[in-house]
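From the two separate chains plus the hints, produce the assembled complex.
Below are the chains, spelled out letter by letter.
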Amino acid sequence: MSKRVVITGMGVVSPNGVGIPAFLEALQAGKSGVKFVPLYEELKFSCHVAGRPDFIWEELQGNYISDVTFYGLKGTNIGYGIRAALDAWRDAGLSTDNDEPLWHAGLVFGNSTADTEAMRNVITRVDNKEAKKLGSRVVEQTMNSGVSAYISGRLGLGNRIITNSSACATGSQAILMAYEYIKNGYATTMLTGSCEHVDTYVYGAFDSMRVLSRKFNNEPERASRPMSLTAGGFVPGSGAGAMVLEELETALARGATIYAEVLGGATNNGGQRQGGTMTAANPQGVIRCINDALTSSNIQADQIDLISGHLTATYADKAELNYWATALNRRGDDYPYVNSLKSMIGHCLSAAGSIESVAAVLQLKEQFIHPNINLEDIDPGITEIAGIEKIPVTTLKKDINIVAKANFGFGDVNACLLFSKYK
Amino acid sequence: MIMTRQDILEELKKVLAPYTNDKTLLEGVNEQTDLLKDLKINSANLVDIIIDAESKYNIEIDYDAAEKMTTVANCIDVIQERMAQ
Numbered sequence: 001m002s003k004r005v006v007i008t009g010m011g012v013v014s015p016n017g018v019g020i021p022a023f024l025e026a027l028q029a030g031k032s033g034v035k036f037v038p039l040y041e042e043l044k045f046s047c048h049v050a051g052r053p054d055f056i057w058e059e060l061q062g063n064y065i066s067d068v069t070f071y072g073l074k075g076t077n078i079g080y081g082i083r084a085a086l087d088a089w090r091d092a093g094l095s096t097d098n099d100e101p102l103w104h105a106g107l108v109f110g111n112s113t114a115d116t117e118a119m120r121n122v123i124t125r126v127d128n129k130e131a132k133k134l135g136s137r138v139v140e141q142t143m144n145s146g147v148s149a150y151i152s153g154r155l156g157l158g159n160r161i162i163t164n165s166s167a168c169a170t171g172s173q174a175i176l177m178a179y180e181y182i183k184n185g186y187a188t189t190m191l192t193g194s195c196e197h198v199d200t201y202v203y204g205a206f207d208s209m210r211v212l213s214r215k216f217n218n219e220p221e222r223a224s225r226p227m228s229l230t231a232g233g234f235v236p237g238s239g240a241g242a243m244v245l246e247e248l249e250t251a252l253a254r255g256a257t258i259y260a261e262v263l264g265g266a267t268n269n270g271g272q273r274q275g276g277t278m279t280a281a282n283p284q285g286v287i288r289c290i291n292d293a294l295t296s297s298n299i300q301a302d303q304i305d306l307i308s309g310h311l312t313a314t315y316a317d318k319a320e321l322n323y324w325a326t327a328l329n330r331r332g333d334d335y336p337y338v339n340s341l342k343s344m345i346g347h348c349l350s351a352a353g354s355i356e357s358v359a360a361v362l363q364l365k366e367q368f369i370h371p372n373i374n375l376e377d378i379d380p381g382i383t384e385i386a387g388i389e390k391i392p393v394t395t396l397k398k399d400i401n402i403v404a405k406a407n408f409g410f411g412d413v414n415a416c417l418l419f420s421k422y423k
Numbered sequence: 001m002i003m004t005r006q007d008i009l010e011e012l013k014k015v016l017a018p019y020t021n022d023k024t025l026l027e028g029v030n031e032q033t034d035l036l037k038d039l040k041i042n043s044a045n046l047v048d049i050i051i052d053a054e055s056k057y058n059i060e061i062d063y064d065a066a067e068k069m070t071t072v073a074n075c076i077d078v079i080q081e082r083m084a085q
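Protein chains in written order, with my numbering: chain A, 1 to 423; chain B, 1 to 85.
This is chain B alone, in the form it adopts within the complex (with noise of 0.2 Å):
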């Protein structure tokens, strides 16, 4: 099954979620939301995110494609490409 940007957009909305304390900011994600900004996730949890979307689309996201996980748009990039190796 492929998944596309729209499906992987939703799960994203999931690995999020637990870093996320106002729920609410959830409903309005959108390619451009920035995680830090926007959904207020504390920096030290972005690598908790990685962890977990590592584990949820059981891919692995090195060091360097870690540190372009800004936005959401950036984020369905990396799953993405990760996905189809």
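Extracted from the complex, chain A is given alone in its bound form (with noise of 0.2 Å):
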């Protein structure tokens, strides 16, 4: 007997906005966490902006990790993953204290790699032969399993505590098996997310594919630019998302908050076939990944009042209000209401999955469609697809039922949520 998954709890590190709160004023705001970044016109890279959180490096001590565990710690990301994650398991009202383990509830939870700034220290050291000198504190945090390891030693969860990969399309896929876990009934209570820190190092290697925005590097804030005529490539961003998830008997059981219902989802791979390459995505796969999900979740096309898109301000942008189109058999007038939250924040790589997530629920509870900022010049192909007044600009105060969050990764990963008001 599968069971209903609910979301209880929500925690983000956005470039808008650290917190709920803050984050949930932001996308009603329409406000931009793209920031100019000094060290990038000096190493000479073709863009100079990124979606770089107000984070507080400080605050994780005493709050979120014990004084010795703060010490130490040099791990961008997974700064950023405790912090969101243990907002999402308090803001769901369960307790940071356990001294015995939590069997029945676990953690998904999505990292990239390494913070290659903070590793370049050991590598130095390593080359001046002090290796010796490295101490116990560098393994955790170059596992890319360390972000897991540090969440789950803190709250004591003890079933299964997984740490995934795949790119883009991290976070969703986090979410996705987070709940596959609790509607199959091996855990009634799961903790997911995930996380990135895009260091110099990681940066320097996109900016050299040529693909990052870089004609406003003077107005950050104008950089990150979703289905705009002047998109010209994506902007980096960092953070973290991270929500709870429960079985419904269990939340309605202790009184919880309920955000919203996962009615399913999906992920695949386009195999890198019929066009899809280790960077673009073969249209058949995700158009098959958006069917399934819609299977999965028992809803027919038209029930979706929302798309969460993957939109990261390239030439895919247009290929991917296609594959929407085809795969929900909606055009024009008919299309849902599509909105990029990386106008916002740019795009945050294996955080952008659960960073958007976290977005589509809240608008989904509060009721409202937030803005595409940056699109006074929306691309005329795109509103051949869709309707330009299904694509605000402005926020909307909208009853929205259903909404479908997408993200396609490199690898010709795709991954689809559906997420439903909870009633």
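Calculated from the structure, these hints are not laboratory results.
Wrong hints could be hidden among the right ones.
Said to hold, decoys possible - Pair by pair, the computed Cβ-Cβ distance ranges are:
1) 295(A) / 36(B): 51 to 57 Å
2) 11(B) / 218(A): 40 to 46 Å
3) 255(A) / 17(B): 40 to 46 Å
4) 90(A) / 44(B): 25 to 31 Å
5) 36(B) / 74(A): 23 to 29 Å
None of these values were measured; they are calculated from a predicted model.
All residues carry an ideal CB built from backbone N, CA and C; glycine is no exception.
Next up, the structure:
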């Protein structure tokens, strides 16, 4: 007997707001979190802007982790993940002081790579024949599962603890896996989400691929422009998003506040065939993923009110709108509303799916659609697919029941989630 | 300047502080204090304490000596011995 799964807590470290209240306010105000980074200009990158959270590192000490754990913590991605995850856990009203492992509660948390800026010190030491001086704290932060190990250890989570990684689909895939565990009865509670810190070296590698925005270096807040005629690449972003998923009966029994329900979802791969490559999606894969998500959720295409797109601000935006149109068989005025959080915060890569899912759930809970900012010059090719009024540039107060959230990542990975207002 | 055992103990407390969550435990540190049992230091952090002590006293502590450093008295013995070399 499959279980219903609801969201009972959320946390976020977003370039335009740290913590749910600040993030909600930023979404409603269409606030950008993209900033000029002088170092990137100095390093002769093409893109000089990034989505960066206003994160106060010292706030982790005591409030989130012990003094000893804090001392020696260098992984920025891990810090973001711990903060978002613990905020979500507390938001759900769950205890952070557990003497016994919580055998019913697990974690699926996504991550991409260690903080290579921090790892540079490790490399320097080893090259200087000083490996002996590295100490005990490097391995736990180098391992991709470091963030999961810190979070699960802090809370005493005793069910499945998984670290997943699938490029830009990481976050939505994590939530899907956590959902499936509860749905199938393996756990009653799953903390899930993902984190990303685009440090200088990761950023430089993307810059070299010539896929980043470079024409709005002097106007950082205008640099991330999904679906715009002047979209010229994405803006890298950093942060973390997290949510507590809970089996419905368990949540009701303890009187938890329910944000929304996870109806279902799907993840697949285009196989890097039929036009799919390492970096481009096989259209058939995307369409199949969306359809599988509908089937899994037992809903019809016409029930979707809002698409929270992947929409990074590249040539792929138009293709993506077409995939949705084909999968849902909805075009023009019949198209669902569509928005891209990346217009405000850039593309948070592994954290994109989780931060954007938090945004999708907040829109359901608060009944609004956040604006697409920087869309004063919408690409006419886009409006041939979706009616212009379906791509809002101001905040809309709307009754929305179902939101589709999708992400597509390098390696031809697709993931699609369907969230619904809890009824 | 010659450091007495008491001098080393006072300095050692500063080395141990970042690895001790309950700072009040540090107030009662004496030569009999066991790093793991009394200060509740994570055993993995002994490595970090040795590295910090090496840099603080400008000494080298080899694996065999490091293994002895489980109480404050053992730590002082090793540090004194290395500083004298």
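Numbered hints the structure breaks, given as an ascending list: 2
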